[in-house]
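Engineer: Use these hints to put chain F onto chain S, whose structure you have.
Chains as they are written, first to last, in the working numbering: chain S, 15 to 468; chain F, 15 to 468.
Since the list gives no way to pick one copy over another, a pair counts as held whenever it fits inside one copy or between any two copies.
The calculated BS3-like cross-link candidates involving lysine-lysine, where the alpha carbons are at most 30 Å apart (straight line), are: (1) Lys-229 / Lys-155; (2) Lys-173 / Lys-389; (3) Lys-155 / Lys-124; (4) Lys-156 / Lys-261; (5) Lys-325 / Lys-173.
What the hints contain is simulated information worked out from the structure, not anything from laboratory work.
Protein chains: 2
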Amino acid sequence: MNKLLIVLLLSVPFLVKAQSNTDSLFIRSVSDEILVNGKAYQWLRQLTKEVGGRLGGSPQFAKAVVWGTAKMKEIGADKVYLQECKVPHWVRGNNDKIAITSIGNKPKNKVLDALALGSSLGGNVQAEVIAVKNFDELELKKKEIKGKIVFYNYPFNPKNISTFQSYSDAGKYRWNGASRAAKYGAVGMIVRSMSISTDNNPHTGGMGYNDSFPKIPAAAIGLQDAEELWKLCAEQSVQIKMTTHGKFSPDTIAHNVVGEIIGSEMPKDIIMVGGHLDSWDVNEGAHDDGAGVVHTLEVLRVLKALNYRPKHTIRFVLFADEENSGSGAEKYAALAKANKETHVFALESDAGGFTPRGFSFNVPAAAWEKLNEWKKLLQPYGGDNFVVGGGGADTEPLSDNFKTPVAELNPDSQRYFDVHHARSDVFENVNRRELLLGAVNMAGLIYLVDKYGL
Amino acid sequence: MNKLLIVLLLSVPFLVKAQSNTDSLFIRSVSDEILVNGKAYQWLRQLTKEVGGRLGGSPQFAKAVVWGTAKMKEIGADKVYLQECKVPHWVRGNNDKIAITSIGNKPKNKVLDALALGSSLGGNVQAEVIAVKNFDELELKKKEIKGKIVFYNYPFNPKNISTFQSYSDAGKYRWNGASRAAKYGAVGMIVRSMSISTDNNPHTGGMGYNDSFPKIPAAAIGLQDAEELWKLCAEQSVQIKMTTHGKFSPDTIAHNVVGEIIGSEMPKDIIMVGGHLDSWDVNEGAHDDGAGVVHTLEVLRVLKALNYRPKHTIRFVLFADEENSGSGAEKYAALAKANKETHVFALESDAGGFTPRGFSFNVPAAAWEKLNEWKKLLQPYGGDNFVVGGGGADTEPLSDNFKTPVAELNPDSQRYFDVHHARSDVFENVNRRELLLGAVNMAGLIYLVDKYGL
Chain S
15 MNKLLIVLLL
25 SVPFLVKAQS
35 NTDSLFIRSV
45 SDEILVNGKA
55 YQWLRQLTKE
65 VGGRLGGSPQ
75 FAKAVVWGTA
85 KMKEIGADKV
95 YLQECKVPHW
105 VRGNNDKIAI
115 TSIGNKPKNK
125 VLDALALGSS
135 LGGNVQAEVI
145 AVKNFDELEL
155 KKKEIKGKIV
165 FYNYPFNPKN
175 ISTFQSYSDA
185 GKYRWNGASR
195 AAKYGAVGMI
205 VRSMSISTDN
215 NPHTGGMGYN
225 DSFPKIPAAA
235 IGLQDAEELW
245 KLCAEQSVQI
255 KMTTHGKFSP
265 DTIAHNVVGE
275 IIGSEMPKDI
285 IMVGGHLDSW
295 DVNEGAHDDG
305 AGVVHTLEVL
315 RVLKALNYRP
325 KHTIRFVLFA
335 DEENSGSGAE
345 KYAALAKANK
355 ETHVFALESD
365 AGGFTPRGFS
375 FNVPAAAWEK
385 LNEWKKLLQP
395 YGGDNFVVGG
405 GGADTEPLSD
415 NFKTPVAELN
425 PDSQRYFDVH
435 HARSDVFENV
445 NRRELLLGAV
455 NMAGLIYLVD
465 KYGL
Chain F
15 MNKLLIVLLL
25 SVPFLVKAQS
35 NTDSLFIRSV
45 SDEILVNGKA
55 YQWLRQLTKE
65 VGGRLGGSPQ
75 FAKAVVWGTA
85 KMKEIGADKV
95 YLQECKVPHW
105 VRGNNDKIAI
115 TSIGNKPKNK
125 VLDALALGSS
135 LGGNVQAEVI
145 AVKNFDELEL
155 KKKEIKGKIV
165 FYNYPFNPKN
175 ISTFQSYSDA
185 GKYRWNGASR
195 AAKYGAVGMI
205 VRSMSISTDN
215 NPHTGGMGYN
225 DSFPKIPAAA
235 IGLQDAEELW
245 KLCAEQSVQI
255 KMTTHGKFSP
265 DTIAHNVVGE
275 IIGSEMPKDI
285 IMVGGHLDSW
295 DVNEGAHDDG
305 AGVVHTLEVL
315 RVLKALNYRP
325 KHTIRFVLFA
335 DEENSGSGAE
345 KYAALAKANK
355 ETHVFALESD
365 AGGFTPRGFS
375 FNVPAAAWEK
385 LNEWKKLLQP
395 YGGDNFVVGG
405 GGADTEPLSD
415 NFKTPVAELN
425 PDSQRYFDVH
435 HARSDVFENV
445 NRRELLLGAV
455 NMAGLIYLVD
465 KYGL
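Isolated chain S, as found in the complex:
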């Protein structure tokens, strides 16, 4: 082995160490700045309390766009603009109602706490309930379904440590359950909420109809009511009256809010970071996805506060209408294509403002070498559990269409489905420190991708 090679080999670890020390110092300064001066929590209070629930297409969403734009400017983005997109305009109406009207032969008037599913159409039906655990049982009972209200009591699997696994598993009942029941003549559909909470809050969320079948009313009930209804149905004939009011107003206009710090070396190469500005109508959208919105703004703020000059253009995006149609994300990707933009990386926060555990990545295999190096830099801040997975719904069009490397922040998932799409997703259920730490880890990752590429 010649001397030069030996010198080179010996010096590599020192170079790497020096570099990694600069990085760890920078990420420490990010963390200190956010944990001491972070604004994400105050901003979340404004978004949840002053704007409130902000379903895509609603007047509140338009208010949120004004708020987000002002915030981006106030923080000092080099450029702030809107991207217009067309969104559906679903309106819940007042007083979703499900009541048990008789048990066996006895009349009854027991109101269950219910929320119509998003995109479901209103209806007013009274019928016997047929309770099934899952689609297999629905198929077995298909001849009994005509004229009845189908109740899916599919449980959210408590054995999965990641609650998102249980959500993926149970979600099909909310999404497809109405039409699968209507196919056999059901007149209404009730679904057990996708949750593992200890309370009785119903959890709404998107659903879709299959146009081949009647569009029956569809609503979710809370876990305690679901347990009770399941028991009652096992014993006797249960009649229910179900009234919902969902309808579509004409499609309307919404906007993605975009802010940028222009890159100093590769201004045309973009690193995107974002969350969605819309929420469900029944709550304040604090975790879903107020947290992602203020994470995004906090990453912008900290980079400006530390006078960080990125090599790439870093783009901060508050997406329109993730919950109802995904049209904000589609529009973003379509514009990226039209403008021939190159996206180096896209990072999303849409899993709540809980203590960060890591990120899930959909990146080329070769990128994992870098990622594995970076883990130790995020380890002090708790975000070092790097797993293979997707970004989220708002980075999907970039990932699918352009193979953009994407990632999503993975906060601790234990409490997310207590509040997800329920009335309890309010500011008071977000902890300041947990929220800020999400932004620390996101900003750290964005810094590393900007510095070293991916």
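Structural biologist: Below, chain F alone, put in the same frame as chain S:
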């Protein structure tokens, strides 16, 4: 290399793999059993709502002993017994009160939310406040202190990711602040709460007097009041009236509650797992340390439910009086010595019922080889961040006196000091899933130590 050796070497990985597969399957069954059938949450509701706050020496603590004993028997411990110990009996009295009576020359009557510190003696003083940031500033101002009320506004450092670091750092003001001020003639002491919460709850906790100086009243105020008082004192002379009522009744009797599963192979070698049964008087002691109590009971429950027959005797201990004197833990260690017991390992849960992140260990260096092997077995349940550190206060006497290897569960620490020793440490602030996952990881670790030693 001879053939046998080759065969042996080749087979080792398979053996290890088979073994580790058995272990991972067992720990999975522990997790499934706890996440589906876990009772820790219901038990915590009973302890917090039916027994309530249970300061060592109080009637409520005696009630907690009865509850804990019944629970151990109900779960089916082979043996349940009490260990008697003598404990101090501090009584807060009613209506801790701190009010600003004048600012500058203007009379005022602004009540601050205050809690007397544990073990502080009551007093009724009215005096000017002298606000200091830390002990250095106290020393600089020592000539101005006579006849005044010293207010320590030492902040809980937000930069530490582990909030326990900030607690260790700030704790000396609560513990020693009164006597250090009394040394220079102070007539009262107020301390900024050891917290980083967004609310104004005061946080009590233990303090001690130096017998050389007058025992002045001492109380904590919440962060918002502390910020306001600090600002006022910077501008003008502020007078405060401070009334507390703490006093000691005669020492009394309390008990450690002990349950055992007798070891099948090494019944005289003991693995201990525990938490403390006492709490502060101002709250329900839900996280501190109701969580540790029900974690301990849940580990017992799951081992019985799975018909696990441990090699070592596993001893489940609910300690008396951690908050006030540590005499339960001292008594436990003294009895272990008197009975010539060998403790293989002692595990404690006293850092709340939040999502587990790992354990801190004080074990011989050689044990780390095993521990590093075990990490991957707990990784699916989130408890794989193994760090060097201590056990907690209740394993300290075992560790100090007998060099027993000890560990403590490390849950996520971001929210702990929001509720620690404050009125907000109530059942409603504990999440069922988070609580259960703590027990999953503890039971997994206990199983591994029982099977392989440490």
